[in-house]
Structure formats: structure tokens, C-alpha cells
Amino acid sequence: MENGPLQLGHVTFTNRLFTGTGKFAANTLIPGMLKASGSEMITVALRRIDTTARSENILDYIPRGVTLLPNTSGARNAEQAVRIARIAREAGCGDFIKIEVITDMKYLMPDNIETLKATEILAREGFIVLPYVLPDLPLAKRLESAGAAAVMPLGAPIGSNRGLETMSLIAILIENCRVPVIVDAGIGRPSQAAAAMEMGADAVLVNTAIATASDPEAMGRAFDLAVKAGRIAFLAELAEPSAGASASSPLTGFLH
Amino acid sequence: MSFYAHVEQYGNFDFPRFFEGVSGDAVERSLAKDKLGPVDFLNLLSPKAAEYLEQMAQKAHRLTIQYFGKTIQLFIPLYLSSHCSNQCAYCGFNRKNDIIRRTLSLREIEAEARAIALTGMRHILFLTGESPFHTPTEYLIQASECLKRHFASVSIEIFPMDEADYRGLRQAGVDGMTLFQETYDPEVYRRVHLAGRKTDYRYRLDAPERGARAGFRMINIGALLGLSEPRREIFHTGLHGRYLENRYLETEVSISLPRFNDTEGSFKPDYRIDDKSFVQFMTALRLFSPKAGITISTRENARFRDRLLYLGATRYSAGSCTGVGGYAEVKMQQSPQFEITDTRNVDEVAAAIVAGGYQPVFKDWDAIV
Chain P
0 MENGPLQLGH VTFTNRLFTG TGKFAANTLI PGMLKASGSE MITVALRRID
50 TTARSENILD YIPRGVTLLP NTSGARNAEQ AVRIARIARE AGCGDFIKIE
100 VITDMKYLMP DNIETLKATE ILAREGFIVL PYVLPDLPLA KRLESAGAAA
150 VMPLGAPIGS NRGLETMSLI AILIENCRVP VIVDAGIGRP SQAAAAMEMG
200 ADAVLVNTAI ATASDPEAMG RAFDLAVKAG RIAFLAELAE PSAGASASSP
250 LTGFLH
Chain W
0 MSFYAHVEQY GNFDFPRFFE GVSGDAVERS LAKDKLGPVD FLNLLSPKAA
50 EYLEQMAQKA HRLTIQYFGK TIQLFIPLYL SSHCSNQCAY CGFNRKNDII
100 RRTLSLREIE AEARAIALTG MRHILFLTGE SPFHTPTEYL IQASECLKRH
150 FASVSIEIFP MDEADYRGLR QAGVDGMTLF QETYDPEVYR RVHLAGRKTD
200 YRYRLDAPER GARAGFRMIN IGALLGLSEP RREIFHTGLH GRYLENRYLE
250 TEVSISLPRF NDTEGSFKPD YRIDDKSFVQ FMTALRLFSP KAGITISTRE
300 NARFRDRLLY LGATRYSAGS CTGVGGYAEV KMQQSPQFEI TDTRNVDEVA
350 AAIVAGGYQP VFKDWDAIV
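In the order they appear, the protein sequences are chains P and W.
Everything in the first sequence is counted per numbering that gives the first Met the number 0, starting at 0 for the first residue and increasing by one.
Everything in the second sequence is counted per numbering that gives the first Met the number 0, starting at 0 for the first residue and increasing by one.
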């Protein structure tokens with residue numbers, strides 16, 4: 000298989016590592032991290048953007064050429080997510096929107112039902128919608144029909160660094176979705192990102208693990224390499240794991 | 000159901016005996032756990048755990064970075080009124096105190112808001128004493144609407160209210176509330192709250208829950224450390240936080256650890272909390288509630304606050320005046336509610352956070368809702 004680019008809406012991505020702007024010790028670390036990781040898309044919470052005050056504007060740290068993925072963090076229902084998306088577009092943040100509807104501050108689980116409602120509305124309005132969801136196949140198919148540009152299942156709760164706890168559910172999405180599957184949340188190590196890509200995920204989004212590393216640039220580079228390695232392995236069609244070493248044809252060799 | 004049932008549950012618990020019996024092994028076991036129960040929390044609050052302070056600090060640091068990143072959310076307090084009908088033994092606004100009292104007019108609030116906005120602050124917390132005559136609900140709603148025009152986030156630290164009143168403020172743009180129980184010990188509570196509505200322990204205890212039901216996104220609780228035995232107070236504060244977290248999934252819970260400082264006047268608290276104990280309590284809270292915000296006010300001095308960055312803190316007030324108004328006009332001589340010891344302005348606090356390797360966050364909320 001060929002390692003082609005990833006198409007989302009009208010934008011083509013050659014790098015399959017998406018990043019985030021939260022939790023950095025300083026916004027000044029973001030441009031270097033983006034350069035080192037090669038990431039071509041970065042998500043930012045609209046609620047963090049401050050264009051009115053004296054304090055710095057986070058958008059000033061995102062270089063041209065990197066696609067902005069505003070997210071609806073803080074939305075508790077579909078209506079609020081829709082409103083945030085519209086404000087983001089009006090503020091010049093582009094057509095991409097990551098829908099994040101969270102009603103549970105304890106585990107930060109996405110509300111799939113409200114996310115679907117918001118997707119239906121925003122896709123109709125021409126947004127390139129990337130919904131953040133719990134991996135659920137029937138829901139993913141409905142998101143597809145509603146016009147989502149991708150689905151973004153969580154690997155583990157946001158910021159938990161627990162990796163691909165939902166692996167088998169994500170595998171079902173990868174097998175059955177027509178839109179790209181981007182693993183978002185929970186990935187704490189480059190090896191976990193590589194594992195997601197080996198499974199056939201189309202991209203991963205990593206924020207906490209990069210932003211809170213003592214050297215975010217180096218960690219960004221590590222994730223980039225891991226994503227690339229995982230992608231190549233997937234395309235090269237990994238051999239299925241087996242329980243132990245085996246002779247090539249112990250039972251049927253005599254037939255040849 | 001109310002958190003009161005939990006307070007009652009520990010009413011006869013022999014805390015001193017428990018603390019005495021905590022072994023090093025018990026502390027280590029609790030330290031190693033991902034999810035701490037109440038007994039683990041007590042182990043970490045015990046005098047024995049003080050020997051494990053560095054390990055507690057390291058873990059608190061790691062968890063805070065994981066869940067909050069290297070960031071500190073900044074907010075600024077604005078006192079609207081020092082009129083108060085309560086008689087709290089420790090408070091500068093005590094009705095028996097012969098002080099000049101003021102309540103800002105809406106025009107004055109507007110002027111204060113403009114002046115504060117110039118500092119770059121985007122999250123504001125407004126405070127009052129408890130005087131339904133001087134600060135009725137309608138006044139508070141108008142004040143909220145006024146402040147909402149100037150700030151991304153408006154929170155309240157006022158007297159406890161009914162759920163319907165909280166809802167009214169919520170609709171006027173308030174998104175968070177701070178309310179300290181002062182002390183979870185009903186007996187001590189009775190002793191220091193001598194008159195006024197605040198004498199009602201239960202009404203205050205249940206107020207954060209009413210606020211959560213009214214839809215505030217952020218609820219900050221705490222005990223005024225020094226009034227009663229502090230390990231018990233922190234224990235109950237942590238349990239109260241967990242109670243709210245478990246029942247109101249939509250609510251972000253934050254915890255403050257206000258303690259009396261040495262500059263304060265006539266009231267002599269029964270307990271003094273030294274810096275080492277403060278850090279033990281704060282890191283124990285972090286380990287017990289990894290996702291709860293921890294708010295540190297300007298009661299703590301600059302040098303200490305700069306160290307707390309690495310020990311679990313997530314929210315700082317800055318540039319605070321604890322007398323009524325004070326930002327727009329030259330400060331008039333008036334009595335503060337409490338004495339601040341970090342007197343740096345907003346820029347200086349922000350610069351110290353940056354120098355410490357953290358990002359001061361001026362805005363992380365927009366009440367688009």
C-alpha cells in the first residue's frame with residue numbers, strides 16, 4: 000500500500016500527527032514543537048483565545064501553514080458546541096471544528112448523543128467536522144451519514160496517558176468507517192501512538208504527553224517518528240502475532 | 000442526601016487515636032495507590048506522613064502537570080461591599096467592628112471593572128459581606144451583568160443563597176462560586192459565628208450543592224485553617240470536594256486552603272499552620288483529588304506562592320485589594336476583610352509564574368452559554 004496523504008475536507012495532510020495547544024509552560028514553546036514534530040494541524044480551545052485583552056493571543060504562536068483546529072471545549076450540549084463553532088469561524092479560525100461536548104468533569108467523557116446533534120447541524124453549515132467520541136460503531140456510522148469529515152475516538156480519558164484502552168473498539172471503527180479514524184486522547188507515549196497507527200488509524204492527536212514533557216520539542220519529534228513508523232508498518236501489512244515460534248508448516252508440510 | 004451525613008459519620012471518629020496509629024508502611028501503601036480512599040487520605044494527613052513530604056510533593060507535582068499542565072489560572076477579587084449583618088469572630092467585616100463601611104454603586108462597579116480590565120485580568124471574583132439590605136439579589140444580578148460585559152468569567156464569593164437565587168445569578172453571567180465552610184466542626188462553627196444568618200451551619204454546608212444544581216460550572220470550597228484542628232478540616236474539605244465531584248459530574252471542584260496569617264489583628268486562632276504542614280495538607284489533597292483545582296490567594300506571601308507552583312496549585316489570585324473597590328480610585332483608608340501578604344501587582348505575579356517555568360493563563364473560559 001502506498002503512503003498517500005490524508006484528506007480532510009479540502010485540506011491535504013502529509014503528516015499524521017495532530018497536536019494541541021493546552022498545558023504548555025509557555026506559548027512560546029509551540030512554534031518549536033510544531034516544527035520539530037512536523038505536525039500540520041493543531042487544536043485550540045476557543046475559550047482560551049483572547050483577542051480583546053492585553054495578555055498574549057495564543058493564535059500568534061501558530062505559524063502559517065499549520066491548520067488550526069478550533070475545539071468546542073467547555074460546551075455542555077449540542078447547542079453550545081454549535082454556538083462556539085460559529086463564533087470560531089467568525090473569529091477567522093477557519094472551517095475546521097473539533098466537537099468536544101463534555102458533561103462529566105470527572106472523567107471528561109464525551110457526550111456522544113449531543114456530539115451527534117452538533118455534527119448534524121455544523122456539517123450542514125459547511126464546517127469540516129471532527130467529532131471527539133467514545134468509540135461506538137453505530138454512532139460513528141451516523142456521524143458519517145451526518146457529514147463528519149472524520150471520527151475521533153478516545154484511546155483513554157483525556158490527559159490520562161493510559162494509551163489504547165479502547166483498542167478493540169477502535170479497531171471496529173477502523174474496519175468499518177469510510178471516513179478517517181483519528182485516535183484522540185489518552186496517548187501518553189510514542190509507542191502508543193505507533194500502536195494506534197499500526198492498527199490502521201489514519202492519524203493521532205496528542206497534546207498532554209508533548210506539552211507536559213520537559214522537552215516538548217524532542218517529545219514532538221519522538222511522536223512524529225512513532226506515527227511515521229506505525230504508519231509504515233500498517234502499510235507493510237504487519238504479520239499477525241502468534242503465541243510462539245513455529246516451524247513453517249508442521250502439520251501440512253508433508254503434502255508438498 | 001447532603002454532605003452533612005458524611006460530617007455526622009465522622010462525628011465520633013477518634014482522629015487523634017487514628018493519627019497516632021499510622022505507620023510508615025501505611026503511608027507508603029497510600030502513597031503508592033492511584034485511587035485513594037478516605038483512610039489513605041487520613042494516612043497522608045497524619046504526622047507520620049510528614050516524613051514522606053518529598054515523595055508526596057513529587058507525586059503531587061506529577062499529577063498536577065498531568066491534569067493541568069504547567070499553567071496557573073489567574074483571577075482577581077473585587078469587593079463590592081463591606082456591609083455585613085453577621086458576627087464572625089475572626090472577620091474584619093464583623094458587624095461589631097467599628098469600621099467605615101461601603102457598598103459600591105453600579106457606576107462605581109463599572110469604573111472598577113474598567114480599571115481592572117486594564118491589568119489584563121479576564122477572570123473576576125466578586126465578594127460581599129452578608130447584608131440583604133445593602134446587597135439584595137437584584138443588586139447582585141445587576142453587578143454580575145455589569146462585570147460580565149468586561150470579563151470572560153465572573154465568579155461570586157458571597158453569602159449562601161437558595162438555588163433559585165443562584166440560578167438568577169447564573170443567568171446574569173456568573174459561572175463560578177466560592178464558598179468556604181470556615182469550619183466543618185459544628186461545635187467550633189457555633190462558637191465563632193455569633194450572630195446573623197451565618198449561624199446556620201447546615202444552610203452553608205449545603206450551599207455548594209445548591210450552586211452545583213443551579214448550574215455553576217466551577218465550585219470552590221475550603222475551610223479557614225486555624226479555627227479548628229486542621230487535619231480534620233482538610234479531611235472534611237477533601238471529602239466534601241469528592242462528594243460534589245461524584246454527584247455533580249458537570250461541575251469542576253476547586254479547593255482553597257486559607258489560613259490565618261501573622262499580620263492579622265485581634266482574633267487569635269486556636270491553631271497555627273506552619274508552611275511545612277500547609278504543604279503536607281496541600282499535597283495530600285492533590286493525591287486524594289488529582290483533578291480538583293487548588294486555589295491559592297494573596298493571603299500567602301510572594302516567596303511561598305512561587306514555591307507552591309510545583310506542589311499542586313492551579314489557580315492564583317493576583318493584584319488583590321481586600322477592601323471595597325480600590326482599583327479605580329486611590330485607595331481610601333478602610334479596613335480589609337483580611338490582610339494580604341503577596342502585594343505584587345498582576346504583572347509581577349505573572350512574571351514570577353513565567354520565571355518559575357509556568358504559563359499564567361488569563362482566560363480559559365468564555366461564558367458563551
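It is worth saying that the hints were derived from the structure and are not from the lab.
Glycine included, every Cβ here is placed at the ideal spot set by N, Cα and C.
It is possible that part of the hints are untrue.
[To be verified] Quick list of in silico lysine-lysine cross-link-like pairs, BS3-like style, CA-CA up to 30 Å: (1) P:Lys227 <-> W:Lys32; (2) P:Lys105 <-> W:Lys267; (3) W:Lys32 <-> P:Lys105; (4) W:Lys95 <-> P:Lys105; (5) P:Lys140 <-> P:Lys105; (6) W:Lys58 <-> W:Lys290; (7) P:Lys140 <-> P:Lys34; (8) P:Lys105 <-> W:Lys34; (9) W:Lys58 <-> W:Lys32; (10) P:Lys116 <-> P:Lys105; (11) W:Lys147 <-> W:Lys32; (12) P:Lys116 <-> W:Lys290; (13) P:Lys227 <-> P:Lys34; (14) W:Lys34 <-> W:Lys47.
[As the list claims (entries may be wrong)] The following label-pair restraints were derived from C-beta to C-beta distances: (15) W:Asp205 <-> P:Arg82: 46 to 54 Å; (16) W:Asp164 <-> P:Gly64: 50 to 58 Å; (17) W:Leu117 <-> P:Arg123: 40 to 48 Å.
Against the structure, the hints:
With a C-alpha separation of about 35 Å, the suggested pairing of P:Lys227 with W:Lys32 is violated against the 30 Å cut-off. A distance of roughly 39 Å separates the Cα atoms of P:Lys105 and W:Lys267; the hinted pair therefore is violated under the 30 Å criterion. A threshold of 30 Å between alpha carbons decides the hint, and for W:Lys32 with P:Lys105 the separation of about 18 Å falls inside it, so the pair holds. This hinted pair does not check out: W:Lys95 and P:Lys105 have alpha carbons roughly 43 Å apart, beyond 30 Å.
A C-alpha spacing of about 28 Å is found between P:Lys140 and P:Lys105, which places the hinted pair at or below 30 Å, so the restraint holds. Of the supplied pair hints, the one linking W:Lys58 and W:Lys290 holds, its CA atoms being roughly 13 Å apart against a limit of 30 Å. For the proposed pair P:Lys140 and P:Lys34, the alpha carbon gap of about 35 Å is over 30 Å, so the pair is violated. Of the pairs offered as hints, the one joining P:Lys105 and W:Lys34 holds, with about 13 Å between alpha carbons and a cut-off of 30 Å not exceeded.
Proximity of W:Lys58 to W:Lys32 is assessed by CA-CA distance (about 11 Å); at most 30 Å being required, the pair is judged to hold. Between P:Lys116 and P:Lys105 the CA atoms are separated by roughly 23 Å; this keeps the pair inside 30 Å, and the hint holds. The hinted pair formed by W:Lys147 and W:Lys32 fails the criterion: a straight-line CA distance of about 42 Å is larger than 30 Å. The straight-line distance between the Cα atoms of P:Lys116 and W:Lys290 is roughly 29 Å, inside the 30 Å bound, and the hint therefore holds.
The suggested pairing of P:Lys227 with P:Lys34 holds, with an alpha-carbon distance near 16 Å, which does not exceed 30 Å. Between W:Lys34 and W:Lys47 the CA atoms are separated by roughly 20 Å; this keeps the pair inside 30 Å, and the hint holds. Range check, W:Asp205 to P:Arg82: Cβ separation about 32 Å, and the 46 to 54 Å hint is violated. Taken as a hint, the range 50 to 58 Å holds for the pair W:Asp164 and P:Gly64, whose Cβ atoms sit roughly 51 Å apart.
The hinted window of 40 to 48 Å between W:Leu117 and P:Arg123 holds, with their beta carbons roughly 42 Å apart.
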